[in-house]
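Colleague: All chains should be modelled from the sequences, with the hints used to inform the complete structure.
For the sequence shown, the numbering used here gives the first residue as 8, with consecutive numbering after it.
The hints are simulated quantities; they were obtained by calculation from the structure and are not laboratory data. Be aware that one or more of the hints could be misleading.
Said to hold, decoys possible - Using 25 Å as the maximum straight-line C-alpha spacing, the simulated DSS-like pairs for lysine-lysine come out as follows:
1) K130 - K141
2) K253 - K238
3) K263 - K184
4) K238 - K260
5) K141 - K131
6) K119 - K130
7) K205 - K163
8) K63 - K78
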Amino acid sequence: KERRDNASATGVLKDNLHDYCEQNYDSEIVLLEEIIPPFPDTLCNSPAGKLRRTDKADAASISTQLSESEKLIGENSQMMKDMKEEIGRNTAQISGVMETIEFICSEVKDLKERVDLIDSRTKKEEIISTEREKRLAHLEAYTRRWNLRIHGIPEKERETARQEVINVCQRLLPQFKDKFPDVVDVAHRLGRANPQNKGRGIIFQFTSRFYRDAVWRAAKDADFLTENRLKITEDLSLADRARRSKLWPAVEKARKENKRAFFVGGRAFVDGTEIFPAD
Numbered sequence: 008k009e010r011r012d013n014a015s016a017t018g019v020l021k022d023n024l025h026d027y028c029e030q031n032y033d034s035e036i037v038l039l040e041e042i043i044p045p046f047p048d049t050l051c052n053s054p055a056g057k058l059r060r061t062d063k064a065d066a067a068s069i070s071t072q073l074s075e076s077e078k079l080i081g082e083n084s085q086m087m088k089d090m091k092e093e094i095g096r097n098t099a100q101i102s103g104v105m106e107t108i109e110f111i112c113s114e115v116k117d118l119k120e121r122v123d124l125i126d127s128r129t130k131k132e133e134i135i136s137t138e139r140e141k142r143l144a145h146l147e148a149y150t151r152r153w154n155l156r157i158h159g160i161p162e163k164e165r166e167t168a169r170q171e172v173i174n175v176c177q178r179l180l181p182q183f184k185d186k187f188p189d190v191v192d193v194a195h196r197l198g199r200a201n202p203q204n205k206g207r208g209i210i211f212q213f214t215s216r217f218y219r220d221a222v223w224r225a226a227k228d229a230d231f232l233t234e235n236r237l238k239i240t241e242d243l244s245l246a247d248r249a250r251r252s253k254l255w256p257a258v259e260k261a262r263k264e265n266k267r268a269f270f271v272g273g274r275a276f277v278d279g280t281e282i283f284p285a286d
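Modeller: As structure tokens, this is what we get:
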């Protein structure tokens with residue numbers, strides 16, 4: 008169709024041209040069509056829509072919103088700045104607290120080490136103290152083995168306790184009569200003087216264990232002591248007394264069974280074998 012339209016148009020042009028202008032246009036048009044092919048039939052896009060004009064009210068509203076947004080942004084920025092400063096202060100405080108805690112932990116650790124050291128020393132001192140107490144108790148008991156006590160001698164004004172003891176010992180062992188003034192060292196009444204107490208015992212010490220033990224053996228079966236209501240006992244320590252009180256039931260039972268049972272200080276023996284208190 009296009010070619011027919013072009014041919015008709017070419018004919019009109021040829022009719023209106025002068026003779027000297029006549030040329031063979033058909034061939035030229037054909038050449039042009041061969042050189043430049045016709046454009047394809049494509050749909051053209053719609054022209055871009057025109058932008059709507061914003062009126063003054065919209066512009067003012069937008070400006071107001073922008074101002075408020077800027078204000079909010081500024082306030083938020085200030086708040087973030089304040090928060091950052093507060094976080095910085097809190098961080099500094101936390102660092103200070105951490106340093107304090109570390110210092111306290113170090114002090115506690117040091118104190119714990121000291122306490123452990125003191126505890127270790129205390130345990131050692133307790134062991135040493137226990138051993139010392141045992142040795143002192145043994146030494147006290149051993150020292151008291153030179154002593155005896157006599158009960159039942161009436162008290163007199165301006166009496167000499169030592170001479171009273173010598174008289175009793177001379178009656179018990181007349182063969183050593185001349186020895187007792189030398190072997191009886193010291194003697195005194197037990198406790199404070201009291202008008203209501205007329206029968207305080209006398210404790211006396213010997214310079215020789217030989218004579219002390221001889222008096223002690225003689226006193227066990229002496230008629231003189233029984234007739235004069237006198238009694239001679241050992242001078243025992245508190246520990247020996249407590250130990251004897253625990254051992255006494257076993258000793259009493261053995262004696263009832265006609266066994267040989269006796270005490271030596273704080274120790275007890277049955278038929279030559281030492282017995283011990285029950286735990």
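Colleague: Taking the hints in turn, state whether each one holds.
Modeller: Hints, one by one, checked against the model:
no., hint, in the structure
1, K130 - K141, "17 Å, holds"
2, K253 - K238, "23 Å, holds"
3, K263 - K184, "37 Å, violated"
4, K238 - K260, "24 Å, holds"
5, K141 - K131, "15 Å, holds"
6, K119 - K130, "16 Å, holds"
7, K205 - K163, "9 Å, holds"
8, K63 - K78, "22 Å, holds"
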